[in-house]
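Line order of the protein sequences matches chains A and B. Each residue of the first sequence is one higher than the one before, counting from 1 in this note's numbering. Each residue of the second sequence is one higher than the one before, counting from 1001 in this note's numbering.
Please note: incorrect hints may appear among the correct ones.
[Said to hold, decoys possible] SDA-like cross-link-like pairs, simulated, lysine to any residue; straight-line CA separation at most 25 Å: (1) A:Lys100 - B:Arg1072; (2) B:Lys1123 - B:Trp1090; (3) B:Lys1126 - A:Glu13; (4) B:Lys1236 - B:Leu1210; (5) B:Lys1149 - B:Ala1170; (6) A:Lys100 - A:Leu218; (7) A:Lys102 - B:Lys1126; (8) B:Lys1126 - B:Arg1111; (9) B:Lys1029 - B:Ile1065; (10) B:Lys1126 - A:Leu110; (11) B:Lys1076 - B:Leu1173; (12) A:Lys102 - B:Glu1129; (13) B:Lys1281 - B:Met1214; (14) A:Lys102 - B:Thr1103; (15) A:Lys102 - B:Gln1189; (16) B:Lys1029 - B:Ser1013; (17) A:Lys102 - B:Asp1161; (18) B:Lys1132 - B:Arg1122; (19) A:Lys202 - B:Arg1128; (20) B:Lys1123 - A:Glu16; (21) A:Lys102 - B:Ser1013; (22) A:Lys100 - B:Thr1103; (23) A:Lys102 - B:Gln1073; (24) A:Lys202 - B:Ser1013; (25) A:Lys102 - B:Leu1130; (26) A:Lys102 - B:Arg1071.
Simulated from the structure, these hints should not be mistaken for laboratory data. Bear in mind that the values here come from a model prediction, so they are computed numbers and not experimental data.
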Amino acid sequence: MMIGHQRVLIRRELWEHPAIYITPLVIGLIVLLVTLTGQVSFSAYGEAVNIAIVGAQSVDEQHRATAVGGVLAVVATIFSIGAWIVMIFYSLDALYTERKDKSILFWRSLPITDAETVVSKLITALFVIPFVTVAAVMLTQVLLLAITSVWVMFQGGDASHLVWAPAPLADAWFAVIVLALALPLWLSPLIGWFLFASAFTKRSPLLLALLPIIVLPLLEKLLIGSRYIGDAIWVRSFRPPIINFEQLKHIEINGQLSLPEGSQALSLSDQLDISSFLVSPSLWAGLVVCGLLVTAAIYVRRYRDESY
Amino acid sequence: MTNLVSARNVSKSFGQLRAVDNVSFDIEKGRILGLIGPNGAGKTTLLKAVLGLTDCDGELLVLGIDPFRDRRQLMKDVCFIADVAVLPRWIRVHQLLDFVAATHPGFSRERVNKFLAETRIRKTAKVRELSKGMITQLHLAIIMSIDAKLLVLDEPTLGLDIIFRKEFYANLLGDYFDGERTILITTHQVEEIEQLLTDIMFIDQGRILLHSPMEDLADRFVQLITSGSHADAARKLGPISESSLFGKSVLTFEGVDRTRLQPFGEMHTPTVADLFVAKVKGARA
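Based on the provided sequences and hints, a complete structural model is requested.
This is how it looks when you write it as structure tokens:
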């Protein structure tokens, strides 16, 4: 029964929050436009272009793969920042607007449980937003390579040799899919907290959501002098164990990319550490916290009658 | 089961305030009950309890189930319009219909299309683009296309002009009510719905002052217009309330034989509005 309504509930979230697909669309368009204008304006430097293409053609396969892979990684990173912002604002809005405009009374007049509704919003935040983003990333990367190969051909280069052959698409897409699954799960306690704030607050969910994130570390520092809470928030936000930061340290970018010893070309999926992510107690503790907060949000939507 | 709603000693308090104070009543299938009370009387709280939107003390059964515990089950057979403004404003009409069709087993697209064809509502329009009257038409069209056993309307026509209000009730009676369904309705505009009610319930300060079939009102209540010594004599028969109109006294009696009042003046059956005022004033006195 729970699953029966999820499809239409999630469709409703997409109707209500077009930002879920418009944001990646806009990011994709900007990336492609920047690429296009960059290439067109670079074309003016005829000689430099020739040198660059000749140079690119003469370096070995691994370096070309690394260069193209680096571009693909940058594209994916831009999208993931966008997705994270959409996720935050979506989950802060999800259970707040329906109370503010009183439409909650209409939704609750239909035979759907509060649990079904709140779960559909959690699924939208944790899975739908990331996977809409993944689709946009893949499409943008392919179009970017296509635009680039057209440009390379115009400049007299060999596009299949310079662009398509070295493009580590399989490697990049594998990494993107793994990250799209793993990062939201890692961030789930924050999403759970935002959903709860959205269900609970009388006004400004953003304010309520940010308050403890800012105040608690300060209080801890002032009262006890330690900084466990701040560290926990830092790790949760910027140090997901799915990414192998130890290994990343060995990659240096200073004019030229230098890879850790032994590796052939830059591989994005090599920077992932799936097994230690899955056994990380922090991941599972975070999921439990998310579960508790979402349960609390369901409880608030179910039991607090204030809007009628 | 003929009792659609059955309440025994139902109470609901908010801190010190007893919004609903130990009420008991039954609503039979096929009735149209008007729930009438001043602001803050506890009408809305009582409706919320019936709709399972709030918890309450005592025993309350709607269609034989506990409305608060089994809300999802309840909503398959109960529909409600809480207020004119609750349809989500961002949604398009066709999306709204898709959503209700996917979630409500008793919803008929055929019926809703028929109802909407009679209005100027476009399926591609967003709710926010519709006028207040059209939003109510849309909501009513959806509700009337759901095969529900109980329909609850809380001030459904608030803020609408008289033409929409008349049309609303005409549609409700003409296209929806079939004697099998039960309707529970609250409104401030008593005069407008008086003719369509089968039963009436007055509520004030959380208590039920009157719950009666409409056809019994004429037997039970009488309004006497009188003056001077006749008024003094009539007062001895215990009117439930008294007011004055153009220098005459208007006494309202409950359960007093009309033949006993005949000598004292002119008699009328009070309107629901008059009766309501009489009962509330009498109870508060």
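To see whether the hints hold, each was checked on the structure:
Proximity of lysine 100 of chain A to arginine 1072 of chain B is assessed by CA-CA distance (about 23 Å); at most 25 Å being required, the pair is judged to hold. Note on lysine 1123 of chain B and tryptophan 1090 of chain B: the hinted pairing holds, with a Cα-Cα distance of about 13 Å set against a maximum of 25 Å. Among the hinted pairs, lysine 1126 of chain B with glutamate 13 of chain A is consistent with the structure: their alpha-carbon atoms are about 16 Å apart, no more than 25 Å. Between lysine 1236 of chain B and leucine 1210 of chain B the CA atoms are separated by roughly 23 Å; this keeps the pair inside 25 Å, and the hint holds.
Distance restraint check for lysine 1149 of chain B and alanine 1170 of chain B: the Cα-Cα separation of roughly 19 Å lies within the 25 Å cut-off, and the hinted pair is therefore satisfied. Between the alpha carbons of lysine 100 of chain A and leucine 218 of chain A the distance comes to roughly 32 Å, so the proposed pair goes past 25 Å and is violated. Between lysine 102 of chain A and lysine 1126 of chain B, the direct Cα distance comes to roughly 17 Å. Compliance with the 25 Å bound is thereby established for this hinted pair. About 21 Å separates the Cα atoms of lysine 1126 of chain B and arginine 1111 of chain B, which keeps this hinted pair within 25 Å; it holds.
With a C-alpha separation of about 15 Å, the suggested pairing of lysine 1029 of chain B with isoleucine 1065 of chain B holds against the 25 Å cut-off. Taking the CA atoms of lysine 1126 of chain B and leucine 110 of chain A, the gap is near 20 Å; set against the 25 Å cutoff, the hint holds. A threshold of 25 Å between alpha carbons decides the hint, and for lysine 1076 of chain B with leucine 1173 of chain B the separation of about 22 Å falls inside it, so the pair holds. Note on lysine 102 of chain A and glutamate 1129 of chain B: the hinted pairing holds, with a Cα-Cα distance of about 17 Å set against a maximum of 25 Å.
Annotation: proposed proximity of lysine 1281 of chain B to methionine 1214 of chain B holds, straight-line Cα distance about 21 Å (limit 25 Å). As the CA atoms of lysine 102 of chain A and threonine 1103 of chain B are separated by approximately 20 Å, the hinted pair is consistent with the 25 Å bound. Between lysine 102 of chain A and glutamine 1189 of chain B, the direct Cα distance comes to roughly 23 Å. Compliance with the 25 Å bound is thereby established for this hinted pair. For the hint linking lysine 1029 of chain B to serine 1013 of chain B, the alpha-carbon distance of about 29 Å lies beyond 25 Å, and the restraint is violated.
The hinted pair formed by lysine 102 of chain A and aspartate 1161 of chain B meets the criterion: a straight-line CA distance of about 22 Å does not exceed 25 Å. At most 25 Å may separate the alpha-carbon atoms for a hinted pair to count; lysine 1132 of chain B and arginine 1122 of chain B meet this at roughly 15 Å. For a cut-off of 25 Å, the pair hint linking lysine 202 of chain A to arginine 1128 of chain B stands: about 24 Å separates their Cα positions. A C-alpha spacing of about 17 Å is found between lysine 1123 of chain B and glutamate 16 of chain A, which places the hinted pair at or below 25 Å, so the restraint holds.
Between the alpha carbons of lysine 102 of chain A and serine 1013 of chain B the distance comes to roughly 23 Å, so the proposed pair stays at or under 25 Å and holds. Restraint check for lysine 100 of chain A and threonine 1103 of chain B: satisfied, since their Cα atoms lie roughly 23 Å apart, inside the 25 Å limit. Between lysine 102 of chain A and glutamine 1073 of chain B the alpha-carbon distance is near 22 Å, which keeps this suggested pair within the 25 Å criterion. Of the supplied pair hints, the one linking lysine 202 of chain A and serine 1013 of chain B holds, its CA atoms being roughly 22 Å apart against a limit of 25 Å.
Pair hint lysine 102 of chain A plus leucine 1130 of chain B holds up; C-alpha atoms about 17 Å apart against a cutoff of 25 Å. At roughly 19 Å between alpha-carbon atoms, lysine 102 of chain A and arginine 1071 of chain B fall within 25 Å of each other, so this suggested pair holds.
Consistency with the previously given hints fails for numbers 6 and 16, ordered from lowest to highest.
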